[in-house]
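**Student:** Take the sequences, apply the hints, and build the full model.
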Amino acid sequence: MGLDQIIHNCQKNDTAAQEQLYKLLAPKLFGVSLKYSRNYAEAEDNLQDGFILIFEKINKFEFKGSFEGWAKRVVINNILQRYRTEGVFEIIHENIPDTPDVEVEEDSVSMDFLVSIIQQLPDRYRLVFNLYVIDDYSHKEIAEMLKITIGTSKSNLARARMILKDKIESQQTNKKKIHIG
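Residue numbers (our numbering): 5 to 185.
Simulated from the structure, these hints should not be mistaken for laboratory data.
One thing to keep in mind: the hints can contain errors.
Quick list of the computed label-pair ranges, beta carbon to beta carbon [as the list claims (entries may be wrong)]:
hint : residue 1 : residue 2 : range
1    : K68       : Q124      : 12 to 22 Å
2    : T153      : T19       : 38 to 48 Å
3    : E66       : D170      : 38 to 48 Å
4    : D116      : D170      : 37 to 47 Å
5    : S142      : K16       : 35 to 45 Å
Just so you know, even glycine gets a beta-carbon here, dropped at the ideal spot from N, CA and C.
**Tutor:** Now the structure itself:
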């Protein structure tokens, strides 16, 4: 059965189709959830909440564009809504100069280490960093999504970069460079 048929069956509340869709998309959407969450357990909870919302809203999917992209957006928006409810973004904008992109010595930093330090960022910094650097949203789009100002988005990104730079520099041991955000 193809993805379109699975989606049509999910729109009819077919539990077998919902299970198929979950098995098909859960690994990718877990990766999305993990990068926006504080830790593994929270990512699992966010994934489950995201799938509940996907199944609740699946009738709104109009088969225009990628279903996977639509589902990813549902998961991200659900996580961001939770953080907005928690008041994560209630901060005052401070003028922080843009920081240069961080140069990292390739052999000194593992992907697990990078994921770990990104997850350790305060929520507001981690979310802006992921949206801007990894998911390629503009500051205007981030401001609209998070209901913050463009200046706050820029400030949070700059602070995230400074924190990451400090943590990465403390781990560097080799000279080969790679580029981070």
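**Student:** Run every hint past the structure and note whether it holds.
**Tutor:** Against the structure, the hints:
no.	hint	result
1	K68 - Q124: 12 to 22 Å	violated, 38 Å
2	T153 - T19: 38 to 48 Å	holds, 44 Å
3	E66 - D170: 38 to 48 Å	holds, 46 Å
4	D116 - D170: 37 to 47 Å	violated, 19 Å
5	S142 - K16: 35 to 45 Å	holds, 38 Å
The structure fails to meet hints 1 and 4 from the earlier list, while all remaining hints are met.
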